[in-house]
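Engineer: Working from the sequences, and respecting the hints, build out all of it.
Note that the protein sequences, when read in sequence, are chains A, B, C and D. Counting in the working numbering, the first sequence runs from 25 upward without gaps. Counting in the working numbering, the second sequence runs from 25 upward without gaps. Counting in the working numbering, the third sequence runs from 25 upward without gaps. Counting in the working numbering, the fourth sequence runs from 25 upward without gaps.
In short, the hints are calculated from the structure, not lab data. On a predicted model such as this, the values are computed, not experimentally measured, just so you know. There may be inaccurate statements among the hints.
One copy or two, either will do: identical chains are not told apart, so a pair holds if it fits within one copy or between any two.
[Unchecked claim] Straight line, CA to CA, 27 Å or less: simulated BS3-like cross-link-like pairs of lysine-lysine:
{"no.": "1", "residue 1": "LYS120", "residue 2": "LYS177"}
{"no.": "2", "residue 1": "LYS268", "residue 2": "LYS121"}
{"no.": "3", "residue 1": "LYS268", "residue 2": "LYS206"}
{"no.": "4", "residue 1": "LYS100", "residue 2": "LYS28"}
{"no.": "5", "residue 1": "LYS92", "residue 2": "LYS121"}
{"no.": "6", "residue 1": "LYS225", "residue 2": "LYS121"}
{"no.": "7", "residue 1": "LYS120", "residue 2": "LYS92"}
{"no.": "8", "residue 1": "LYS268", "residue 2": "LYS177"}
{"no.": "9", "residue 1": "LYS120", "residue 2": "LYS268"}
{"no.": "10", "residue 1": "LYS225", "residue 2": "LYS206"}
{"no.": "11", "residue 1": "LYS99", "residue 2": "LYS127"}
{"no.": "12", "residue 1": "LYS121", "residue 2": "LYS206"}
{"no.": "13", "residue 1": "LYS28", "residue 2": "LYS106"}
{"no.": "14", "residue 1": "LYS92", "residue 2": "LYS127"}
Number of protein chains: 4
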Amino acid sequence: MSQKAWAVIAGVGAGTGSSIARRFAKTYAVALLARKPSNFEPLVKEINDAGGHALGISADTSDAQSIKNAFEQLKKESGGAKVAAAVYNVGGGLVKKPFLELKEEELEGAWASNGRGGFLFAQAVLPLLLAQADASPDHPPTLIFTGATAALKASATFAAFAAGKFAVRALSQSLAREFGPKGVHVAHAIIDGLIDTEQTKGYDLGHAEAKISPDAIADAYWYLHTQPRTCFSNEIDLRPAREKW
Amino acid sequence: MSQKAWAVIAGVGAGTGSSIARRFAKTYAVALLARKPSNFEPLVKEINDAGGHALGISADTSDAQSIKNAFEQLKKESGGAKVAAAVYNVGGGLVKKPFLELKEEELEGAWASNGRGGFLFAQAVLPLLLAQADASPDHPPTLIFTGATAALKASATFAAFAAGKFAVRALSQSLAREFGPKGVHVAHAIIDGLIDTEQTKGYDLGHAEAKISPDAIADAYWYLHTQPRTCFSNEIDLRPAREKW
Amino acid sequence: MSQKAWAVIAGVGAGTGSSIARRFAKTYAVALLARKPSNFEPLVKEINDAGGHALGISADTSDAQSIKNAFEQLKKESGGAKVAAAVYNVGGGLVKKPFLELKEEELEGAWASNGRGGFLFAQAVLPLLLAQADASPDHPPTLIFTGATAALKASATFAAFAAGKFAVRALSQSLAREFGPKGVHVAHAIIDGLIDTEQTKGYDLGHAEAKISPDAIADAYWYLHTQPRTCFSNEIDLRPAREKW
Amino acid sequence: MSQKAWAVIAGVGAGTGSSIARRFAKTYAVALLARKPSNFEPLVKEINDAGGHALGISADTSDAQSIKNAFEQLKKESGGAKVAAAVYNVGGGLVKKPFLELKEEELEGAWASNGRGGFLFAQAVLPLLLAQADASPDHPPTLIFTGATAALKASATFAAFAAGKFAVRALSQSLAREFGPKGVHVAHAIIDGLIDTEQTKGYDLGHAEAKISPDAIADAYWYLHTQPRTCFSNEIDLRPAREKW
Chain A
25 MSQKAWAVIA GVGAGTGSSI ARRFAKTYAV ALLARKPSNF EPLVKEINDA GGHALGISAD
85 TSDAQSIKNA FEQLKKESGG AKVAAAVYNV GGGLVKKPFL ELKEEELEGA WASNGRGGFL
145 FAQAVLPLLL AQADASPDHP PTLIFTGATA ALKASATFAA FAAGKFAVRA LSQSLAREFG
205 PKGVHVAHAI IDGLIDTEQT KGYDLGHAEA KISPDAIADA YWYLHTQPRT CFSNEIDLRP
265 AREKW
Chain B
25 MSQKAWAVIA GVGAGTGSSI ARRFAKTYAV ALLARKPSNF EPLVKEINDA GGHALGISAD
85 TSDAQSIKNA FEQLKKESGG AKVAAAVYNV GGGLVKKPFL ELKEEELEGA WASNGRGGFL
145 FAQAVLPLLL AQADASPDHP PTLIFTGATA ALKASATFAA FAAGKFAVRA LSQSLAREFG
205 PKGVHVAHAI IDGLIDTEQT KGYDLGHAEA KISPDAIADA YWYLHTQPRT CFSNEIDLRP
265 AREKW
Chain C
25 MSQKAWAVIA GVGAGTGSSI ARRFAKTYAV ALLARKPSNF EPLVKEINDA GGHALGISAD
85 TSDAQSIKNA FEQLKKESGG AKVAAAVYNV GGGLVKKPFL ELKEEELEGA WASNGRGGFL
145 FAQAVLPLLL AQADASPDHP PTLIFTGATA ALKASATFAA FAAGKFAVRA LSQSLAREFG
205 PKGVHVAHAI IDGLIDTEQT KGYDLGHAEA KISPDAIADA YWYLHTQPRT CFSNEIDLRP
265 AREKW
Chain D
25 MSQKAWAVIA GVGAGTGSSI ARRFAKTYAV ALLARKPSNF EPLVKEINDA GGHALGISAD
85 TSDAQSIKNA FEQLKKESGG AKVAAAVYNV GGGLVKKPFL ELKEEELEGA WASNGRGGFL
145 FAQAVLPLLL AQADASPDHP PTLIFTGATA ALKASATFAA FAAGKFAVRA LSQSLAREFG
205 PKGVHVAHAI IDGLIDTEQT KGYDLGHAEA KISPDAIADA YWYLHTQPRT CFSNEIDLRP
265 AREKW
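Structural biologist: Structure below.
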């Protein structure tokens with residue numbers, strides 16, 4: 025496998041995760057984590073066929089043992105796992121329901137995929153990022169969390185989802201303050217709008233540019249990764265020009 | 025037991041919870057929830073001896089069955105449980121540690137006592153509050169969550185605690201938007217500073233007024249409860265005049 | 025004239041200012057500032073007839089000399105001007121227009137009545153409030169600014185108004201941090217919704233309780249004034265239960 | 025002069041403005057506005073000598089007539105002024121003083137260079153940006169405001185400066201909402217820390233990377249300019265990794 029440094033992307037499906045993987049694969053070997061292999065297999069093949077290096081790892085980020093296994097597999101297959109960038113892009117927990125109809129397991133699901141998953145992923149990857157703190161002044165090691173509108177504003181009937189997204193934002197903010205001075209860049213992206221993916225094809229918002237381009241999100245993440253230690257962003261909002269906010 | 029309406033206060037110990045209980049006991053019968061009976065017993069006695077009505081209920085707010093039992097006990101002992109006010113004042117989860125030393129159970133503890141507990145308590149009490157929506161135009165039924173500085177700002181080494189407190193803030197915001205139009209007032213108090221309690225007696229902040237008075241917090245909660253439907257607050261910050269912020 | 029302490033309220037017309045004046049007149053002599061005497065005359069008469077003490081002063085708060093004259097008049101007529109509370113409730117600057125149609129004088133008007141006026145009023149009244157810092161531990165001297173939704177969120181076509189309201193919020197925050205430790209309470213109220221006044225009678229929002237009660241705003245200001253030095257709020261939001269936000 | 029599109033940068037001195045000018049001069053002809061010609065002359069020469077196109081224009085952005093003259097000069101000298109990007113980077117108003125010692129003219133100075141200047145510049149440049157809305161899908165026309173920590177948090181003794189910076193943030197937010205749907209990207213950068221310039225050379229913060237690199241700020245602005253209409257950011261924070269926040 026590649027001696028290149030790695031980018032680890034958790035939450036790779038048909039949408040944003042794939043765009044991020046393709047973008048980072050231009051420079052790094054990429055490890056793609058998803059629960060179901062069918063989520064990453066076509067992309068792993070696509071990247072490897074195109075001359076890149078991609079490794080798919082089946083993992084449930086909300087489960088400590090599963091995360092542990094995933095990073096052990098990465099270490100083994102990469103011959104040491106120099107990790108230059110990591111993205112926590114796991115969705116899940118998006119449930120819209122009158123509060124009194126929410127089930128405890130729906131709340132716990134939102135927590136597991138956002139709060140706990142972000143925590144476990146960060147604990148696994150931060151030691152690897154810290155080890156690269158002096159490797160590249162132009163691209164300090166970077167950990168990016170994908171957030172949502174619901175990380176800033178908790179709307180009616182979105183209590184569980186917002187609780188999860190607020191928690192991820194707390195995590196990213198606390199980690200930025202703790203690990204920035206140690207040379208690791210931690211950032212949080214607020215995706216404010218519908219992303220233009222296979223799943224959202226059916227939603228006609230009345231304008232060709234009303235959805236967010238996942239490739240443009242990937243460019244934003246790459247830009248964040250290129251910020252030098254003298255100029256880190258912790259938070260960036262990303263929305264279509266036509267979005268109401 | 026009293027035919028008066030009830031205030032239910034979860035998280036009653038030596039500090040803020042007791043002050044809130046005493047304040048609301050001037051008008052209502054009060055149900056005091058805490059894990060250990062020793063936390064509420066002296067206060068129950070004190071309030072009842074003074075001519076008020078207090079009922080102590082042992083409950084673990086992070087456990088669905090325990091919350092269910094608590095509200096069944098309240099219903100039975102109160103002869104129907106007309107609930108006019110509820111306060112979620114459960115602490116817990118305050119752990120300050122380098123992120124990589126945090127244990128998963130510490131994160132889950134912060135989540136359980138803040139996010140899950142707030143959720144379970146709100147699900148149990150909101151139907152009772154909704155039933156009183158037209159009972160008192162001067163004091164619409166009210167649900168107040170005790171928050172902290174860490175609900176707005178996630179500092180380094182406070183990742184787990186901040187995740188829990190951000191989640192509670194999300195909950196309170198979403199519930200305010202959903203239940204306000206139905207006549208239930210949901211609010212969140214940001215306690216920004218050290219509260220002046222038995223436990224904090226040892227901390228000398230160099231000035232007699234450098235800690236927050238728990239009785240003054242209780243007055244703030246009572247004021248929130250008196251806001252009419254034409255003028256609800258969702259968020260209020262409370263800090264000593266001398267606090268740096 | 026009264027030996028009582030005074031409350032000085034700038035921006036008294038048919039709406040919120042009058043409610044605030046009536047509320048504070050229950051305890052204090054009140055000085056009512058407005059540009060046109062016709063704005064305060066009926067209220068001055070009403071309060072004095074009811075056994076209170078009210079003094080109307082014609083003043084343009086956006087003009088330094090006018091503010092100076094007003095406070096000199098207050099000093100003279102009050103026999104020394106012990107000021108316990110002050111409210112900056114000046115409206116103005118509310119212009120909704122496509123940005124490219126805004127005139128420079130509309131921007132300057134929003135600035136004058138909000139930013140500059142708030143500044144001049146604060147500079148005139150803070151020395152008087154500081155002088156009362158030890159007068160009443162139960163009601164520390166208080167300066168409250170009336171803010172608006174536009175202090176937190178700058179909507180399209182509200183650029184000038186939002187610039188003014190953001191500036192007032194900055195002022196209130198900075199003053200709270202500087203004067204809190206000196207015993208003066210500075211607070212900012214975010215009035216989020218239409219206030220129920222003579223001027224807004226024509227707006228039918230489809231529900232009897234869809235507008236904010238000015239008397240309830242006045243109660244909120246009075247509550248803020250009663251906060252002890254151990255428990256100050258800097259910001260409170262006030263909106264009808266039915267408001268979308 | 026060049027047939028290239030133009031970037032107009034207001035507030036060009038030894039620091040950030042120059043870095044922004046150099047960055048945008050790689051693609052565009054650049055118009056550099058500053059009060060004193062000595063502020064832009066060396067840079068104009070440097071850019072033109074290096075094969076770029078730079079035009080220095082003496083202007084006081086807080087004066088409507090001066091701004092009008094500046095854009096007329098640009099139109100004339102550019103042969104029509106196709107403007108692809110504009111940056112409002114005017115400093116000024118940074119005064120730190122106990123509030124009661126602030127002079128009215130210091131407040132007005134902070135307002136003039138921030139609020140009014142931003143307004144006048146935006147009114148002059150937005151029609152030119154709108155005219156280019158369909159010119160380049162990859163680089164939609166962009167207006168960026170340089171903000172500061174004081175745009176989010178008003179510290180004690182910074183009342184005047186914070187009022188100005190809050191106002192600029194209001195402006196940028198309102199304009200983003202109004203002009204985004206029309207294809208013009210409006211953004212606000214929160215510069216949180218000391219910028220590494222000639223003027224700050226004397227401040228030893230104890231670490232080589234404790235100040236923000238102005239070139240990195242310029243890269244951030246350029247990145248914002250490259251965002252497509254499907255993925256605009258309105259706000260980005262920029263600070264050294266070691267900054268306390």
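Engineer: Output the indices of the hints that this structure fails to meet, ascending.
Structural biologist: The structure conflicts with no hint, since it agrees with every one listed earlier.
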